[in-house]
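Protein chains: 6
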Amino acid sequence: MADWLPTLITPTPEEGFALAIKMSRVAVKMTQPDAAVRDRLRGTYAEDADALIASSQVAAHWFATVAAANDYWRSGS
Amino acid sequence: MADWLPTLITPTPEEGFALAIKMSRVAVKMTQPDAAVRDRLRGTYAEDADALIASSQVAAHWFATVAAANDYWRSGS
Amino acid sequence: MADWLPTLITPTPEEGFALAIKMSRVAVKMTQPDAAVRDRLRGTYAEDADALIASSQVAAHWFATVAAANDYWRSGS
Amino acid sequence: MADWLPTLITPTPEEGFALAIKMSRVAVKMTQPDAAVRDRLRGTYAEDADALIASSQVAAHWFATVAAANDYWRSGS
Amino acid sequence: MADWLPTLITPTPEEGFALAIKMSRVAVKMTQPDAAVRDRLRGTYAEDADALIASSQVAAHWFATVAAANDYWRSGS
Amino acid sequence: MADWLPTLITPTPEEGFALAIKMSRVAVKMTQPDAAVRDRLRGTYAEDADALIASSQVAAHWFATVAAANDYWRSGS
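Line by line, the protein sequences are chains A, E, L, Y, U and G.
Going by the UniProt record's numbering, the first sequence opens with residue 1, and the numbers climb by one from there.
Going by the UniProt record's numbering, the second sequence opens with residue 1, and the numbers climb by one from there.
Going by the UniProt record's numbering, the third sequence opens with residue 1, and the numbers climb by one from there.
Going by the UniProt record's numbering, the fourth sequence opens with residue 1, and the numbers climb by one from there.
Going by the UniProt record's numbering, the fifth sequence opens with residue 1, and the numbers climb by one from there.
Going by the UniProt record's numbering, the sixth sequence opens with residue 1, and the numbers climb by one from there.
If you're looking for bench data, these hints aren't it; they were derived computationally from the structure.
Here the structure is a predicted model, which means the values were calculated and not measured.
Even glycine gets a Cβ: it sits at the ideal position worked out from N, Cα and C.
It is possible that part of the hints are untrue.
[Stated by the list, open to error] Calculated from the model, a selection of chain U residues having no Cβ within reach of chain G, i.e. all distances over 10 Å: (1) TRP4; (2) VAL26; (3) LYS29; (4) PRO33; (5) ARG42; (6) ALA54.
[Stated by the list, open to error] Cβ-to-Cβ under 8 Å is the rule here; a few derived chain L residues that face chain Y: (7) PRO11; (8) GLU14; (9) PHE17; (10) ALA35; (11) GLN57; (12) ALA60.
[Stated by the list, open to error] Listed below are several chain Y residues computed to face chain U (Cβ distance under 7 Å; list not exhaustive): (13) PRO13; (14) PHE17; (15) ILE21; (16) ASP39; (17) GLY43; (18) ALA49; (19) LEU52; (20) ILE53; (21) SER55; (22) ALA59; (23) ALA60; (24) ALA64; (25) ALA67; (26) TYR72.
Produce the complete structure using the sequences and hints provided.
What follows is the structure, given as structure tokens:
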């Protein structure tokens, strides 16, 4: 996982959103390094309303940081 | 889903609120891409008090970022 | 629900607090539009300690944004 | 509850902490206005580890806003 | 508990971290003033993965405020 | 654990991410100092979808602070 996060800066909000999702997943990976286990669990929680809501909460948190880093992409708006 | 988030800037707080709800749902979609499953789960959690409270929490989080991006729409107030 | 959020600016912290509660409820309404269902669920979670704590957490989150928007009502203090 | 929150400004961090606790409780009161019910529930969750941790989380959230409003009481340090 | 929080300013990040933990515990104490009960509950949740994760979340929240108050101890870095 | 957090400043976002994970773990350690217990619990929650999502949420929270401390590593981007 070397060099997976060279910068928080992204050209667009969409790419920032994608980065937030990626950071969220890497954080999970830190706790559960086994991809097979993660895939199995994803199958479970993708069918669970509470887990889906929680996923969105987590993404919101990572995105908040990425968005601040990019000054909310204001200059491009 | 190309170009679904061109900017975080919205003309009004209400549109910012709507954008926050949208971002929240797209984040869910990233975990559960199947619309039929999402619809079924929504039927369930819309009847669950804890899930509704959690939904509002998630919306609050996304909105915080959108509001900051728009400098809280202060100039229009 | 047109024009329900014309501004985040309120004259006082108390009105900001009330707005935060309102935003929290509108977010719930987005997920569960049926008022009768919401009323029924409120009866349930108002008797549930975890749900009450979660409600306060959600209100805190909305309020944080409203307070920042109003620069914490510092000039009026 | 008129005039219960005239300002977010407090002379000291401790008073800010107390205000955060108060705001947290008022938010609960908005959902459950019956003091007898709240007292009964407090008896329950005060014995529940998860609820106590959640209470601290909520207090942290309210305090974050109060602290920011007071510019972290830096000038008094 | 008089004068337990004279300032949010600490000389180092580590002391800020310790202060965050302390604030988290005082907040718990506000809800459950009985030290014997708290000790008993700590014995329980220290063996519970979810509670431990939640504890870290709470600490993160308090620390965020302490760190901001100290301007992230940048001048000392 | 003396001197484990000399600074919040890191040269790169990746190192900031690693620091956030570390802070998250130290916070857990404050509640559960027994490494054997923590290892056993990690085995459990690493197989639990909700716990993994919560872990990412916690990491996001610590990272937000580290990122702000580093001004989002903007100058290096």
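Now for the hints, and whether the structure bears them out:
no.: 1; hint: TRP4; verdict: 18 Å, holds
no.: 2; hint: VAL26; verdict: 14 Å, holds
no.: 3; hint: LYS29; verdict: 15 Å, holds
no.: 4; hint: PRO33; verdict: 20 Å, holds
no.: 5; hint: ARG42; verdict: 7 Å, violated
no.: 6; hint: ALA54; verdict: 7 Å, violated
no.: 7; hint: PRO11; verdict: 12 Å, violated
no.: 8; hint: GLU14; verdict: 5 Å, holds
no.: 9; hint: PHE17; verdict: 6 Å, holds
no.: 10; hint: ALA35; verdict: 16 Å, violated
no.: 11; hint: GLN57; verdict: 5 Å, holds
no.: 12; hint: ALA60; verdict: 4 Å, holds
no.: 13; hint: PRO13; verdict: 5 Å, holds
no.: 14; hint: PHE17; verdict: 6 Å, holds
no.: 15; hint: ILE21; verdict: 5 Å, holds
no.: 16; hint: ASP39; verdict: 13 Å, violated
no.: 17; hint: GLY43; verdict: 10 Å, violated
no.: 18; hint: ALA49; verdict: 4 Å, holds
no.: 19; hint: LEU52; verdict: 5 Å, holds
no.: 20; hint: ILE53; verdict: 5 Å, holds
no.: 21; hint: SER55; verdict: 5 Å, holds
no.: 22; hint: ALA59; verdict: 4 Å, holds
no.: 23; hint: ALA60; verdict: 4 Å, holds
no.: 24; hint: ALA64; verdict: 5 Å, holds
no.: 25; hint: ALA67; verdict: 5 Å, holds
no.: 26; hint: TYR72; verdict: 4 Å, holds
The structure fails to meet hints 5, 6, 7, 10, 16 and 17 from the earlier list, while all remaining hints are met.
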